[in-house]
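Could you slot chain B with the ligands onto chain A? The hints should help.
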Amino acid sequence: MEFLSYLISGISLGSVYAIIALGYTMVYGIAKMLNFAHGDVIMIGGYISFCAMSYLNFPGWLALILAMVVCTALGVVIEGLAYRPLREATSLAVLITAIGVSYFLQNSALLIWGATPKVFSPIVEGTQNIGGLSVSNISLLTMAACIVIMVVLTLFTSKTKMGKAMRACSEDKGAAQLMGINVNRTISTTFAIGSALAAVAGVLMCSAYPTLMPTTGSMPGIKAFTAAVFGGIGSIPGAFLGGILLGIIEALAKAYLSTQLSNSIVFAVLIIVLLVRPAGLLGKYVPEKV
Amino acid sequence: MLKVNDINVYYGSIHAIKGVSFEVHQGEVVTLIGANGAGKSTILQTVSGLLRSKTGSVEFLGENLGNVAPHKIVAKGLAHVPEGRRVFLQMTVEENLEMGAFTRPGSEVDSGIADVYKRFPRLEERRRQIAGTLSGGEQQMLAMGRALMSKPQLLMLDEPSMGLAPLLVEQIFEIIKELHKAGTTILLVEQNAQMALSVADRGYVLETGKIVTTGTGAELLNDDAVKKAYLGA
Ligand SMILES: Nc1ncnc2c1ncn2[C@@H]1O[C@H](COP(=O)(O)OP(=O)(O)OP(=O)(O)O)[C@@H](O)[C@H]1O
Ligand SMILES: [Mg+2]
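Chains as they are written, first to last, in this note's numbering: chain A, 1 to 290; chain B, 1 to 233.
Isolated chain A (complex conformation):
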């Protein structure tokens, strides 16, 4: 019984990681860059919905939509201003820029909202009793959202013209251009989707763990990145699986081993998996072509 409730809280936490990881993996898959600022977009999403609910008295769902809209725009602007000029640059330059963007977002949040943590009120409250287990509504919502997002993204990339164009760009940008695909617009769309997902993750996460600070997004961001690598970076089912597993490992490690060490355990698992399967659980190992 106790184990089951830890497991559910792990899956719920993992669902948040999975939603973030899906954004990470989409951007990596198509733009071939690690957007380290992704976690901070989560935090901005949290603050936007916080402000919408506390100052404008928006209902939870509307606050969520506003956060998604703002983050989508933010993602597109970040891509256009910071990353697009570096399209031909080395990946190290892009990585350093992404870290710069991350600091920029955190410090902007610090400037606007201050360092004092805000107390976030959940977008849904209450709990359900499922077979004697009490599960919070926000957990249920988070798990449902995660599954819906995974299914929709899978269908999007396999069935729609834009989704297929994204896969084409992810394989070969030059050839994609020769097909008439606008690579810049495709990358921009990817950032829009990833950032909207970050907003969803931000709102759901702050609803479950209601302290909101400018650094709120960085740890979940890093863990979700870990989850994406764990599952196989670039792979949508991989990000989903990686996120859920990471959440479960973290929750069980906290419950049965040590709260302080739970993060170390999570990263240790990542290192072991990568030693055994360098491409992650569902990733394909593609040797660099020379």
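Everything labelled a hint here was simulated from the structure, so no lab data went into it.
Model, not experiment: these values are computed from the prediction.
Any given hint could be a false lead.
[To be verified] Heads up, simulated DSS-like pairs for lysine-lysine below, C-alpha to C-alpha not over 25 Å straight-line: (1) A:161 x B:72; (2) A:161 x B:210; (3) B:177 x B:118; (4) B:76 x A:173; (5) B:151 x A:173; (6) B:72 x B:210; (7) B:3 x B:118; (8) A:173 x B:54; (9) B:118 x B:151; (10) A:159 x B:151; (11) A:161 x B:118; (12) B:72 x A:173; (13) B:210 x B:54.
Then chain B with the ligands, alone, in the frame of chain A:
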């Protein structure tokens, strides 16, 4: 139809194309031949906008392409089958063809795919297969079929015979002849000068970034210097 006028293309400080000019007229098959590293692919990439020339101009159907983004050039009727085929290896055959029709209205996609399957029955057999599992010859057919999906007026082929067994090379050149008969204008880049010159109306010989000789296919096949350098005679 295509008019390339005095282009100079650089890779950083490497001056790869040095003042090249040539023309392709409606309905012609024109070939650019030259050894490894002569600059053939660089020229095609410059025409399709992936690379830019420092000087001169590339004119297609009377329009200067100098400032047109590469993804917009396809829609103007210019398709480029790049060197090494570059099909999308993780997508299915049919998805590759759909990508070829990216600039076309959705209503044309199915009929375009049917046309390609008629020309390349092999691709229909493999339609649901991932392109990465195709043989080299099949990938070349896919790359050509994919380019035809955009309904091009000018088709540029970069070494379509590369790495293929002699029988397949024959087959690819048969297809080029058929496309020509059907009215497609073709700019063909080849190292296989013998085959290329035998299907071409005209040819240009490229050496280290410069055009050194030009003439009809037959003239070049009989040119002593060309024979010596490219036909192993
Ligand atoms: N990306 C690049 N960076 C630097 N130099 C390049 C690059 N691509 C080609 N070159 C150089 O430009 C010149 C022309 O190359 P190009 O690929 O156009 O030749 P090619 O005639 O197509 O040769 P091949 O028959 O081998 O395909 C060569 O000297 C090559 O080394
Ligand atoms: Mg070449």
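Go through the numbered hints given earlier and state which of them the structure violates, listing their numbers in rising order. 2, 6, 7
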